[in-house]
Amino acid sequence: MARQGAWEAHHKTAVSVGGHDGLSNCEVLCIPCHRQTDSYGR
Numbered sequence: 631m632a633r634q635g636a637w638e639a640h641h642k643t644a645v646s647v648g649g650h651d652g653l654s655n656c657e658v659l660c661i662p663c664h665r666q667t668d669s670y671g672r
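Each position in the sequence shown, counted from 1, maps to that position plus 630 in the working numbering.
One or more hints might be untrue.
With a cut-off of at most 20 Å between alpha-carbon atoms, the simulated SDA-like pairs for lysine to any residue come out as follows [what the hints assert, rightly or not]:
no.: 1; residue 1: Lys-642; residue 2: Ser-654
no.: 2; residue 1: Lys-642; residue 2: Thr-667
no.: 3; residue 1: Lys-642; residue 2: Asp-668
no.: 4; residue 1: Lys-642; residue 2: Pro-662
Don't read these hints as lab results, they were simulated from the structure. Since we're looking at a predicted model, the values are computed, not measured.
Required output: the full structure, derived from the provided sequences and hints.
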């Protein structure tokens, strides 16, 4: 479980493949969930 306040922004479609920074392409994930995404760390 993530510690309180430990959140990161995540792009649903990575900017490197044509995604954008608009709200419709972003979501907030806890750090452990963000690490499980295919694009984490790119």
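Each hint tested on the structure:
The straight-line distance between the Cα atoms of Lys-642 and Ser-654 is roughly 9 Å, inside the 20 Å bound, and the hint therefore holds. Annotation: proposed proximity of Lys-642 to Thr-667 holds, straight-line Cα distance about 10 Å (limit 20 Å). With a C-alpha separation of about 10 Å, the suggested pairing of Lys-642 with Asp-668 holds against the 20 Å cut-off. For the hint linking Lys-642 to Pro-662, the alpha-carbon distance of about 16 Å falls within 20 Å, and the restraint holds.
Hint compliance for this structure: every hint is met.
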